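K.L.:
Listed here are the chains, written in short residue letters.
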Amino acid sequence: MRLDTLDKSLLNILQDELPLVSQPFEELGKRLGISEEDVISRVKRLLEEGVIRRIGPIIDIKKLGGVSTLVAMSVPSERINGTAAIINEYPEVTHNYLRSHRYNVWFVISARSKERLEEILAEIKKLGYETIDLPATKMFKIRVKFDMK
Amino acid sequence: MDDMDVKLLKFTQDGIPLIPRPFAEIAKSLGILEEEVTTRLKKLRDTGIIHRFGASIAHRKVGIVANAMCVWAVPSKRVDEVGRIIASFDEVTHCYERLRSGKWRYNVFAMVHGHDKEECKVIAERIAEATGIYDYEMLFSERELKKVGLRIE
Numbered sequence: 001m002r003l004d005t006l007d008k009s010l011l012n013i014l015q016d017e018l019p020l021v022s023q024p025f026e027e028l029g030k031r032l033g034i035s036e037e038d039v040i041s042r043v044k045r046l047l048e049e050g051v052i053r054r055i056g057p058i059i060d061i062k063k064l065g066g067v068s069t070l071v072a073m074s075v076p077s078e079r080i081n082g083t084a085a086i087i088n089e090y091p092e093v094t095h096n097y098l099r100s101h102r103y104n105v106w107f108v109i110s111a112r113s114k115e116r117l118e119e120i121l122a123e124i125k126k127l128g129y130e131t132i133d134l135p136a137t138k139m140f141k142i143r144v145k146f147d148m149k
Numbered sequence: 150m151d152d153m154d155v156k157l158l159k160f161t162q163d164g165i166p167l168i169p170r171p172f173a174e175i176a177k178s179l180g181i182l183e184e185e186v187t188t189r190l191k192k193l194r195d196t197g198i199i200h201r202f203g204a205s206i207a208h209r210k211v212g213i214v215a216n217a218m219c220v221w222a223v224p225s226k227r228v229d230e231v232g233r234i235i236a237s238f239d240e241v242t243h244c245y246e247r248l249r250s251g252k253w254r255y256n257v258f259a260m261v262h263g264h265d266k267e268e269c270k271v272i273a274e275r276i277a278e279a280t281g282i283y284d285y286e287m288l289f290s291e292r293e294l295k296k297v298g299l300r301i302e
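Top to bottom, those sequences are chains H and F.
Each residue of the first sequence is one higher than the last, beginning at 1 in the numbering used here.
Each residue of the second sequence is one higher than the last, beginning at 150 in the numbering used here.
Note that these hints are calculated values from the structure, not bench results.
This structure is a prediction, so every number in the text was calculated from the model and none was measured.
Ideal Cβ positions, reconstructed from N, Cα and C, are used throughout, including at glycine.
Careful, some of the hints might be misleading.
[Claimed, not checked] Computed list of lysine-lysine pairs in DSBU-like fashion (alpha-carbon distance at most 30 Å, straight line): (1) H:8 <-> F:270; (2) H:8 <-> F:159; (3) H:138 <-> F:177; (4) F:156 <-> H:114; (5) F:266 <-> H:138; (6) H:63 <-> F:266; (7) F:270 <-> H:44; (8) H:8 <-> F:226.
[To be verified] Below, a sample of chain F positions facing chain H; criterion: calculated Cβ distance under 8 Å: (9) 172; (10) 176; (11) 205; (12) 207; (13) 242; (14) 295.
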């Protein structure tokens, strides 16, 4: 879809934060020099077009005592869709990508406890494909933001 | 975090209403004051439980169509230094050290984003030059099989 300059400026701000004030869209409008109604209608349109998935909290599961890991799996091409469907059924699986590699299915599991994570891993390993568990040992960067130019 | 914080996270995690006073609406549903909602959310953000309160964007829809997971085999004693160099690249959104395993010798993972595959390859080459680590692979994403925000239950 086509984004005009104001859409891009709005997305750049919204990727960082929605102001936590009584009238957040009015506040954004002030910064952009447009009305509150204009901000709301633009956000609604961006949401309908699927550019914005949602506006809300990005929760850090580690701060809530949760654990996560990255899993790589080697799945024959004809079994990818069926296997992905099984894996994706877990609400704890938040991201899953097909990648060009011998290990082709890559997904992230974020669970409320280590026990739950191990339980999911054990179930997934029963699918019988070669699986590698790659928990993070150190985080250098997490920044899901792109400058819209 | 108390019960009301949990309720608030659950109530907002799928997205807030797009109306002039979204927090007043949420407050009404939870039976608290609007100001309490914003105060609690700010506190959750300041303590890091909320990593960010904002928009999640579908990058593919705005032309950022290529992403590669780049994996680097970095000697353990150089991991901190190399991780910091990789993280300093604007095109890198995530960078982690991960546990090496017998089947997988790469220990530093970085997500590189670009407008196309070629752009991603050029970025990875620049990272190799900057770090001196030429032992790497790029795993391009062919298809998004699932992407949802983390939810609490």
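K.L.:
Does each hint hold? Answer for all of them.
P.N.:
We went through each hint and held it up to the structure:
Restraint check for residue 8 of chain H and residue 270 of chain F: satisfied, since their Cα atoms lie roughly 26 Å apart, inside the 30 Å limit. Restraint check for residue 8 of chain H and residue 159 of chain F: satisfied, since their Cα atoms lie roughly 29 Å apart, inside the 30 Å limit. Between residue 138 of chain H and residue 177 of chain F the alpha-carbon distance is near 41 Å, which puts this suggested pair outside the 30 Å criterion. Restraint check for residue 156 of chain F and residue 114 of chain H: the C-alpha separation of about 23 Å stays at or below 30 Å, so the hint holds.
Using a Cα cut-off of 30 Å, the hinted pair residue 266 of chain F and residue 138 of chain H holds, with the two alpha carbons roughly 27 Å apart. Note on residue 63 of chain H and residue 266 of chain F: the hinted pairing is violated, with a Cα-Cα distance of about 35 Å set against a maximum of 30 Å. At roughly 36 Å between alpha-carbon atoms, residue 270 of chain F and residue 44 of chain H are farther apart than 30 Å, so this suggested pair is violated. Proposed proximity of residue 8 of chain H and residue 226 of chain F is contradicted: the alpha carbons are some 42 Å apart, above 30 Å.
For residue 172 of chain F, the interface hint holds, the least distance from its beta-carbon to any beta-carbon of chain H being 7 Å, beneath 8 Å. A cut of 8 Å between beta carbons decides the hint on residue 176 of chain F: the least distance to chain H is about 10 Å, and the hint is violated. Hint status for residue 205 of chain F: holds, given a least beta-carbon distance of 4 Å to chain H, under 8 Å. For residue 207 of chain F, the suggested interface contact is upheld, since its CB lies about 5 Å from the closest CB of chain H, less than 8 Å.
For residue 242 of chain F, the suggested interface contact is upheld, since its CB lies about 6 Å from the closest CB of chain H, less than 8 Å. Against a cut-off of 8 Å between C-beta atoms, the interface hint on residue 295 of chain F holds, since the closest Cβ of chain H lies about 4 Å away.
Hints 3, 6, 7, 8, 10 from the list above are not met by this structure, while the remaining hints are.
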